[in-house]
Each structure stands twice: as structure tokens, then as C-alpha cells.
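J.: Same order as they appear, the protein sequences are chains A and B. Numbering follows my numbering, in which position 255 of the first sequence is assigned residue number 255; successive positions increment by one, without gaps. Numbering follows my numbering, in which position 27 of the second sequence is assigned residue number 27; successive positions increment by one, without gaps.
The set of hints was computed from the structure by calculation and includes no laboratory data. All C-beta atoms, glycine included, are put in the ideal place defined by N, C-alpha and C.
Rough simulated footprint, nothing fancy, chain B against chain A, three-plus residues with beta-carbon under 8 Å:
no.: 1; stretch: 174-186
no.: 2; stretch: 373-384
Non-contacting residues of chain B with respect to chain A, defined by C-beta distances greater than 12 Å in every case (computed):
no.: 3; residue: D2
no.: 4; residue: K3
no.: 5; residue: I7
no.: 6; residue: L15
no.: 7; residue: A16
no.: 8; residue: K22
no.: 9; residue: E23
no.: 10; residue: N73
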Amino acid sequence: MDNILSFSLADFQYNDNPDVLAPPNDFEEWINHPKIKASFSFFEQQLLAAPRASTEILSNLDHKKRKVINLTSYNYLGLSSHPEVIQAACDAARQYGLGASGAPLLSGTFDLHVKFAKMLADFKQKEDCLLYSSGLGGNMGAIQGILRKGDVLVLDEKCHKSIVDGGTLSGAKMLFFEHNNIDSLVAMLEKNKGKRTLVAVEGVYSMDGDLVKLKEVVEVCDRYKAAIYIDEAHSTLMFGKNGRGVAEHFGLEHKVGVTFGTLSKSFGGVGGFICSNARLIRYLKCYSSPYHFSCAPSPIIIAGLIKAFEVATRDSSLRDKLWENTGYFKKQLLDLKLNLGGTESQVIPIIIGSSGEKLFQMAMELQKRGLFLQPVDFPAVPANARRFRISVSSQLTKEEIDEACNIIEDVIVKGLKN
Amino acid sequence: MDKAKIIEVIKKNILANLEDVKEEDIVPEKSMKDYGADSLDIIEVVSCSMRELNIKIPRSELTDIKNIDELANKFMQNIKG
Numbered sequence: 001m002d003n004i005l006s007f008s009l010a011d012f013q014y015n016d017n018p019d020v021l022a023p024p025n026d027f028e029e030w031i032n033h034p035k036i037k038a039s040f041s042f043f044e045q046q047l048l049a050a051p052r053a054s055t056e057i058l059s060n061l062d063h064k065k066r067k068v069i070n071l072t073s074y075n076y077l078g079l080s081s082h083p084e085v086i087q088a089a090c091d092a093a094r095q096y097g098l099g100a101s102g103a104p105l106l107s108g109t110f111d112l113h114v115k116f117a118k119m120l121a122d123f124k125q126k127e128d129c130l131l132y133s134s135g136l137g138g139n140m141g142a143i144q145g146i147l148r149k150g151d152v153l154v155l156d157e158k159c160h161k162s163i164v165d166g167g168t169l170s171g172a173k174m175l176f177f178e179h180n181n182i183d184s185l186v187a188m189l190e191k192n193k194g195k196r197t198l199v200a201v202e203g204v205y206s207m208d209g210d211l212v213k214l215k216e217v218v219e220v221c222d223r224y225k226a227a228i229y230i231d232e233a234h235s236t237l238m239f240g241k242n243g244r245g246v247a248e249h250f251g252l253e254h255k256v257g258v259t260f261g262t263l264s265k266s267f268g269g270v271g272g273f274i275c276s277n278a279r280l281i282r283y284l285k286c287y288s289s290p291y292h293f294s295c296a297p298s299p300i301i302i303a304g305l306i307k308a309f310e311v312a313t314r315d316s317s318l319r320d321k322l323w324e325n326t327g328y329f330k331k332q333l334l335d336l337k338l339n340l341g342g343t344e345s346q347v348i349p350i351i352i353g354s355s356g357e358k359l360f361q362m363a364m365e366l367q368k369r370g371l372f373l374q375p376v377d378f379p380a381v382p383a384n385a386r387r388f389r390i391s392v393s394s395q396l397t398k399e400e401i402d403e404a405c406n407i408i409e410d411v412i413v414k415g416l417k418n
Numbered sequence: 001m002d003k004a005k006i007i008e009v010i011k012k013n014i015l016a017n018l019e020d021v022k023e024e025d026i027v028p029e030k031s032m033k034d035y036g037a038d039s040l041d042i043i044e045v046v047s048c049s050m051r052e053l054n055i056k057i058p059r060s061e062l063t064d065i066k067n068i069d070e071l072a073n074k075f076m077q078n079i080k081g
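Working from the sequences, and respecting the hints, build out all of it.
T.: This is the structure:
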């Protein structure tokens, strides 16, 4: 390869190596190049403590332990290490043991699972809820369970891979509409009038932090009799007066057919869930493979999640603090004249541009200065909009945000001028 | 290899990967999206064509390409010999 640094993970999906247990030859050439190796060193860095706003990592850059301000973990409300959550998990470990030891339909359903599913269904104002062991499994399994060959999945082009994979598994025809472009959505629906159609959108889009134009999506879906599936992974427990998500924020929960959430972000645990009508949930229990054929979520995790849910919803203090931190952080960054794209949420991108080398050089300097702020490269984001992505947490103090902004000014603002 | 042959290769892969498209309808001035291709279809057509032409172009250099003609030009620039 002549221009090896221009290649990315988008270029090595196809594999014709005669040895089926080997990656493509050119992938090995690419990934072993010193500069590519250096960029990959940002992956899989070890956290040595809880993913709090201030934590410690074992840096892959110089193999040193380093105290960092953490702007990357999805621990938006700080619940993964909340003392009441930890206590609930410890108590459950003693009572129930480590794992569920079975698939939900046979022996894996504990009283904790039933209780938590009911809490989530009531919270989301739907009839029933299905719990999954993973967030990816939840999205993928729900779509795969709902759609069949001959059906149509119309999805925003920025939807998560788990939705795309669910569509692929289902055999449904997939049509991507331009991000948040209602004319493009209409064009896709017009092409497939009369077919069973599901429209998938996200409450908060994870790479840009912008919101779905839900009011317009609802109007169009009503007109074309298409059902709405909303992924509220980055919005549940945060958006809306009661924290129910972006659909609540827009006052349109009753128009959503299926609402999905992860349990690994604001909830601080791991897993996923969907809430919908009871007949669909009953059906999916038999036909959604990641539910049906997977061990049920660990009772320890579920006990911790029940407590996390109680803490997050007993008053608005955690989400109030999150929005206060988000507003403060955003203002500081805008004062630094940084390009934050169209963010409307606690996900704040800092868009650097087209130079991957510049992105990784800055990433290295940020980390050495004590900021854990991971770079996001093509193909996860467009090649001309490589970026850093801040996940704001309610745990951040004003001092930590100020220090983070000092480092960002020294490294990113000055780096962009050079 | 001349440009006409490259366009033939791209056309062949469009026909193999997209439903309800007729060969006579494919014109270089149009985008694959005009023929109903989504992003996964486009990746497949581009990958199959590059394999057939024995070239490898970084995906990051293809993001601004607007139509089949521009894709063929890009392929031309990368064909050796």
C-alpha cells in the first residue's frame, strides 16, 4: 500500500486470505505500521479504578499509571459507583450468587428481573418490558425479532451498528435516510408504501449529540402508517421532565411503538431493554434470539440497576446536575471558539477536521496532561470531521471542568492554530 | 484499461447488488443512490469493483464522490500500468 496512512478500518472488511483463520494480508501490513500502531494504542487502555469523573488509567502510551479527568466513560449520572448501588449489588451477590445460570424462559428469570422489568415498563409508560444481557443484543435482538423478509426497516443513516445488524439478521429490506432529513425519510417511505415498515431513530445521536426531529418523524410515520422504534441509549434518565427520555422531552411517548434503552450508560450497569405493548413483548420472548438463547442478566447487576433506577428517579438532582455541568462545559468550550457541531445534549463533540495525524497527536498530548478524552476517527465519523467526544457526567466538579478546559485550550485550541 | 471498461465493471456490480435496475438505465452522471442504493449497497458495489480491477483505494478518499463517472475517474487514477 503506497498511502498506508489514508486507510482505515473501513477498508479491510473483505477477506480473501486462503487461511480462514488469518486476517487479510494488507490488514496486517496496515495495522503493524508504526503510526497506525500508535493510533491503536488509544484503544483498550486499562482503567485501574471505577469510571468516576476522576480516575486512574494504565496508559498504553508510556505504560505508566496516570490520574486522569475522565471525559470518556458513559457514566453520565455517576451511578456505576454510587454507594447505594454498590451496597445493593453486594447484598444481591450474597443472596443470589454471581450469575443467573440459565436462559430466561427456563431457569434464568429471578424475582429481581420481573421487578425491574415492571419498573421500566411503568417508567416508560408501556405495557411490558424485555431485559437483555447487553445493549447491543437488545437493539439487534429487538429488530431481528420484529421484522421479517419482505418487511422494511427505514433508519437514520447515523443509527447505531446494533440496529443495522438487527436489520441484516431480520432479512428485512433496509433503507437509510439522510440524517435527520425529513424529506429523505418521506422519499424512503414513499418507495415502500403498503409494506410492514419500522422507522428506527435515536433520541440522542451518539457521535454528534444532536436530537431526533421527533415531531416531524411522528407526523410522517402517521401519514405512512409506519411504526416508530426509538433508541434512547444516550437519553434515558436524563431527558424529559421525569427523565423518561427524548420522547418525553417532546411529549410524544404515546406515538412511539418500541422504546429501547441501554443499562450501561446513565444506569451505570450493563445490558439493554425494550418497552412496548404486551403482545409484542410476549412474542419477542420466543423469537428475539439474544433474549431467548442467552443467559439472563446477572442478578447482581439487576439488583444494582434497580437501586440505580431508584436513585436516579426519586428526585431530579442527578439530572439537574448533569444539565448544569453540560451548560457550563459547553459555554467554556464555545468561549474557546471550538466547533461543537450541532450538539444538544451531554454528548459534546469537538470537531478537529480531516487530519488523522493531528487528531492523534492532540490525543497523546491531552492524555499526558491528565485528560482521558478519546479520539474518534473515520469511519466512526466522517473523514472531514474527525473529533474528540466529551461525555459529560454529573460527577464532574466545576474545578475539574475548568482544569479540563485549560488542557483543551493548551492542546486543542493551540494545536488547531498550528 | 480505458474508462469505458471501468464503467462496465461498475455497472455489472450495480446490477448484481441492486434490485429493479436495468442496465440501459444506468448512466455515469447519476449516483448509485439514484438507483436505490443505500450505504451498505454502495460499499458492496465499490468493494467488488475494486477487487475486480485489482486496485485498493482508501474509503476515506471516496467520501466526496458524487456519481459513477467520478468513481470511474478515481479508479482510473489508481490503475497501475
